[in-house]
Amino acid sequence: MDAEISLRVDGESHRLTVDTRTTLLDALRERLGNTSPKKGCDHGQCGACTVLLDGQRSLICLALAVAHDGAEITTADGLAPAGELHPVQQAFLEQDAFQCGYCTPGQVCSAVGVLDEVARGWPSHVTEDLTGDVELSDAEVSERMSGNLCRCAAYENITPAVQQAGAR
Amino acid sequence: MTDLLEPRAIGQSLVRRDGEQKVRGTATYAFETPVEHPAYAHPVQATIARGRVTAMDTAAAQALDGVLAVLTPFTAERLASVEDAEYAVLQSPDVAFRGQLIGVVVAETSEVARQAADAIAVTYAEQPHDSELRTDRPDLYAPEQVNAGHPTDVVDGDVEAAMRSAEVTVDHTYQTQMLHNNPIEPHATVALWEPGADVPLTLWDSTQGVHPDRAAVSEVFGLDEEQVRVVCPYVGGGFGSKGNPHANVMLTTMAARALPGRPVKLALTRQQMFFLTGYRTPTIQRMQLAADHRGRLQAIAIDVVEQTSKVKEFAEQTGVPTRMMYASPNRRSTHRLAPLDVPIPSWMRAPGECPGMFGPEVALDELAVELGIDPVRLRIVNEPEVDPDTGKPWSSRHLVECLRDGAHRFDWDSRGPGRRREGDWFVGCGVASSVYPTMRQATSTATVRHSNGRYTVEIGAADLGTGAWTILPQIAADALDADVADVEVRIGDTRYPTASVAGGSSGTNTWGSAIVQAAREFRGKYGADPRDGDEASGDVDQASPNEDHAAYAFGAQFAEVRVHADTGEIRLPRLLGVFACGRIINPRTARSQLIGGMTMGMSMALHENSVFDTRIGQVANHDLAEYHISVNADVQQIEAHWLDEHDPYVNVMGAKGIGEIGITGTAAAVVNAVHHATGVRVRSLPVTLDKLLPGLP
Numbered sequence: 323m324d325a326e327i328s329l330r331v332d333g334e335s336h337r338l339t340v341d342t343r344t345t346l347l348d349a350l351r352e353r354l355g356n357t358s359p360k361k362g363c364d365h366g367q368c369g370a371c372t373v374l375l376d377g378q379r380s381l382i383c384l385a386l387a388v389a390h391d392g393a394e395i396t397t398a399d400g401l402a403p404a405g406e407l408h409p410v411q412q413a414f415l416e417q418d419a420f421q422c423g424y425c426t427p428g429q430v431c432s433a434v435g436v437l438d439e440v441a442r443g444w445p446s447h448v449t450e451d452l453t454g455d456v457e458l459s460d461a462e463v464s465e466r467m468s469g470n471l472c473r474c475a476a477y478e479n480i481t482p483a484v485q486q487a488g489a490r
Numbered sequence: 101m102t103d104l105l106e107p108r109a110i111g112q113s114l115v116r117r118d119g120e121q122k123v124r125g126t127a128t129y130a131f132e133t134p135v136e137h138p139a140y141a142h143p144v145q146a147t148i149a150r151g152r153v154t155a156m157d158t159a160a161a162q163a164l165d166g167v168l169a170v171l172t173p174f175t176a177e178r179l180a181s182v183e184d185a186e187y188a189v190l191q192s193p194d195v196a197f198r199g200q201l202i203g204v205v206v207a208e209t210s211e212v213a214r215q216a217a218d219a220i221a222v223t224y225a226e227q228p229h230d231s232e233l234r235t236d237r238p239d240l241y242a243p244e245q246v247n248a249g250h251p252t253d254v255v256d257g258d259v260e261a262a263m264r265s266a267e268v269t270v271d272h273t274y275q276t277q278m279l280h281n282n283p284i285e286p287h288a289t290v291a292l293w294e295p296g297a298d299v300p301l302t303l304w305d306s307t308q309g310v311h312p313d314r315a316a317v318s319e320v321f322g323l324d325e326e327q328v329r330v331v332c333p334y335v336g337g338g339f340g341s342k343g344n345p346h347a348n349v350m351l352t353t354m355a356a357r358a359l360p361g362r363p364v365k366l367a368l369t370r371q372q373m374f375f376l377t378g379y380r381t382p383t384i385q386r387m388q389l390a391a392d393h394r395g396r397l398q399a400i401a402i403d404v405v406e407q408t409s410k411v412k413e414f415a416e417q418t419g420v421p422t423r424m425m426y427a428s429p430n431r432r433s434t435h436r437l438a439p440l441d442v443p444i445p446s447w448m449r450a451p452g453e454c455p456g457m458f459g460p461e462v463a464l465d466e467l468a469v470e471l472g473i474d475p476v477r478l479r480i481v482n483e484p485e486v487d488p489d490t491g492k493p494w495s496s497r498h499l500v501e502c503l504r505d506g507a508h509r510f511d512w513d514s515r516g517p518g519r520r521r522e523g524d525w526f527v528g529c530g531v532a533s534s535v536y537p538t539m540r541q542a543t544s545t546a547t548v549r550h551s552n553g554r555y556t557v558e559i560g561a562a563d564l565g566t567g568a569w570t571i572l573p574q575i576a577a578d579a580l581d582a583d584v585a586d587v588e589v590r591i592g593d594t595r596y597p598t599a600s601v602a603g604g605s606s607g608t609n610t611w612g613s614a615i616v617q618a619a620r621e622f623r624g625k626y627g628a629d630p631r632d633g634d635e636a637s638g639d640v641d642q643a644s645p646n647e648d649h650a651a652y653a654f655g656a657q658f659a660e661v662r663v664h665a666d667t668g669e670i671r672l673p674r675l676l677g678v679f680a681c682g683r684i685i686n687p688r689t690a691r692s693q694l695i696g697g698m699t700m701g702m703s704m705a706l707h708e709n710s711v712f713d714t715r716i717g718q719v720a721n722h723d724l725a726e727y728h729i730s731v732n733a734d735v736q737q738i739e740a741h742w743l744d745e746h747d748p749y750v751n752v753m754g755a756k757g758i759g760e761i762g763i764t765g766t767a768a769a770v771v772n773a774v775h776h777a778t779g780v781r782v783r784s785l786p787v788t789l790d791k792l793l794p795g796l797p
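Top to bottom, those sequences are chains A and B. Residue numbers for the first sequence follow this note's numbering, beginning at 323 and rising by one. Residue numbers for the second sequence follow this note's numbering, beginning at 101 and rising by one.
Worth flagging that the hints you see were computed from the coordinates, not collected in a lab. Please note that a few of the clues may not be correct.
[To be verified] Simulated restraints, written as ranges between beta carbons of each label pair:
| no. | chain 1 | residue 1 | chain 2 | residue 2 | range |
| --- | --- | --- | --- | --- | --- |
| 1 | B | Ala155 | A | Val448 | 52 to 62 Å |
| 2 | B | His272 | A | Gly355 | 55 to 65 Å |
| 3 | A | Asp376 | B | Asp236 | 57 to 67 Å |
| 4 | A | Pro482 | B | Gly322 | 34 to 44 Å |
| 5 | B | Gln191 | A | Val448 | 22 to 32 Å |
| 6 | A | Val448 | B | Ala665 | 49 to 59 Å |
| 7 | B | Ala720 | A | Ser459 | 33 to 43 Å |
| 8 | B | Arg781 | A | Ser459 | 28 to 38 Å |
| 9 | A | Gly454 | B | Arg715 | 45 to 55 Å |
For each residue, glycine too, the CB sits at the ideal point set by N, CA and C.
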């Protein structure tokens, strides 16, 4: 069964017809040709598909497109205009926070989400003081970034990259 | 001996050239290649572990709207070559292992393809299967040779006699687990078959080598290599699993040939990868060490039992590092394989050295404990003057310096006698050595072309995250005596000259040597002031060979672990490695490769485990929720350092490989640290809480 939906992706509006089984991830990758979000597991286990969905980081391999009619999506490619980089992307470059690059757009979107969550004072499992500001400690960043697997294992560089971007 | 290149661009921490595309997500991996009007393929897998497909009812699948083709063993084209059983896809109804490919559906959308694949009713004649690795199997056999062409067995002297007469002996059995490479980019191919075109077959494939990929596909389909183009500018990780094409590449090609003119896309699911894209065999290693009271080895022996698939042999060279690491007058290393009804094992990061540096490096720690000798010192007293395996001198060997430098940086001497308790945690430290051979492949060619003050270098190499896009220009710039900003290197396409696989940590050595040769040819022909269009090429086989020396990279890894006294929870606050791996081309990308390898080694030590259910013949935890790899929160402090090593024998860059050494020895360092912390000796990976709890004080 098909359904027609609207999506706003990286600032552009799209009207498209999707199978009701189509995930938001496949709608972007296979219908709209936006392959910035990656498919690593299709089961919400690796984080490669992370985007900002209506402002919050979200795993769009677990989201059905038909259930997100009218959604606003920002992928890693939409974080900055062409030729420029978002501070998180710049920090990933400088810290060499990736190797193969396949998990990277998801890591970058997740990091943007993390910095926003921290700015809002949202605590995590490792936050000790639940009343004050959240510090971007190693443990705090690592905890919040642990939904994004990196098989090349750039974690040692991802954490300082997120901290660098958060300090700006 | 070669005159090393004068390093100018070499040694600079340049930022990755492909970095901006990767942080934006615009680098196109295989499945993402923009093609006109693609069709989507979904495989059908056997649901028995051994037997025969007797019938496949495809009527319901074919009746679905949008289904374009259904191929089964009964309908698929006959391949030109079925010599490699892994590639003989859909050529017979026989099922050799659970999950084997028995069909494929192509449809207008991925959803319909998947639905149709599920709608195919398969009838089997099932036979009993046998998938259990044991050392008492009567069918264990000695392969003709083991991976990378090493002899199966090497015996020198009399280990048994030394074991009987030695002052101290160690005799234990160690086990490493089944591991899956699990690159985050699934194995994926886009295939386009255009009969009548000059190049009728184009594959955009996720591969560690476009040229080896093309050679395999050409042979299977009976095409000339010139009739096939393989393109792969970016690889989302591979760690060996994309070193050889697997059956999915042949299946996608078949599907495309059934739909001429239509690009067909197939990405394996994460679950399918556990059956189809190779894995590291579990290994069982019996270790014997004999030593005098000062720790000098009188004998070292490793007898390995591991598995292969009955349909295609892969013999991991697990015993090989034992042949060259330490001096000992009596030495033995053997490999025996159990042929099982299981998926086909293959390369995974440092095949041989990775599992083969577990048993020996833990056994040495047990010997050190037995003797009351510092394990760093024990390794130093067994340092061989020449390669014990070949008798050749070392091109360079700085293991002792790595151990000493690492011990100093780690503050090893303050580690104390062991079983130190801090609050609820036992704290301990362990050490192990690392090693990886320095390999150069036989074939690779590069071309250099000049235009308007800029140089274009072409070579069909691959960058699976290693940094080749960035470091090959650094090598080319120094070889040409040009500014690195004026050098463009193009890789990842069979339109560029032949290059070897990105495997065996041989890429820089092989492709870099070819590039240097091409640059020298170019300067020899055209001098320092070339005209536009001037072009020259060079081959790796023109580079001076290094046959007179044994060439290896070495390293030492130090781990600190904390084990919770009540729960057995294991944390790894520190992992520190020091490596002697020749000249480092780009410190930024090199450090990433080394810490990446070390982290994967930690992951092997503590997390990864493909749990094989021998009742049904498959990996039970075949996804990333249950096959655990280390996540960000598992990593606290991982440091990689290197010595300023200049090896004049390996190649003109003075560079050894660095992609794999980081994973070797790590698991042993962790296990040794766990023992130091708790007194519990774990001889079977991974180290999990259940193995510690019964032994905690």
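Exercise. In this structure, is the beta-carbon distance linking Asp376(A) and Asp236(B) contained in 57 to 67 Å?
Worked result: Distance hint for Asp376(A), Asp236(B) holds at roughly 60 Å.
Exercise. So the hint says 34 to 44 Å: do the beta-carbon atoms of Pro482(A) and Gly322(B) match that?
Worked result: Because 53 Å falls outside the window, the suggested range is violated.
For this session: Using the beta carbons of Gln191(B) and Val448(A), state whether their distance is inside 22 to 32 Å or not.
Result: About 54 Å separates the Cβ atoms of Gln191(B) and Val448(A), which means 22 to 32 Å is violated.
For this session: Starting from the hint 33 to 43 Å, judge whether the C-beta atoms of Ala720(B) and Ser459(A) obey it.
Result: 37 Å, holds
Exercise. Within 52 to 62 Å or not, the Cβ separation of Ala155(B) and Val448(A)?
Worked result: 56 Å, holds
Exercise. Could one say that the CB atoms of Gly454(A) and Arg715(B) fall in the range 45 to 55 Å?
Worked result: Holds - the Cβ-Cβ distance for Gly454(A) and Arg715(B), about 54 Å, lies within 45 to 55 Å.
Exercise. Could one say that the CB atoms of Val448(A) and Ala665(B) fall in the range 49 to 59 Å?
Worked result: With a Cβ separation near 21 Å, Val448(A) and Ala665(B) fall outside 49 to 59 Å, so the hint is violated.
For this session: Can you let me know if the beta-carbon spacing of Arg781(B) and Ser459(A) is within 28 to 38 Å?
Result: 35 Å, holds
Exercise. Is the gap between the beta carbons of His272(B) and Gly355(A) within 55 to 65 Å?
Worked result: 57 Å, holds
Checked against the numbered hints listed earlier, the structure breaks hints 4, 5 and 6; every other hint is satisfied.
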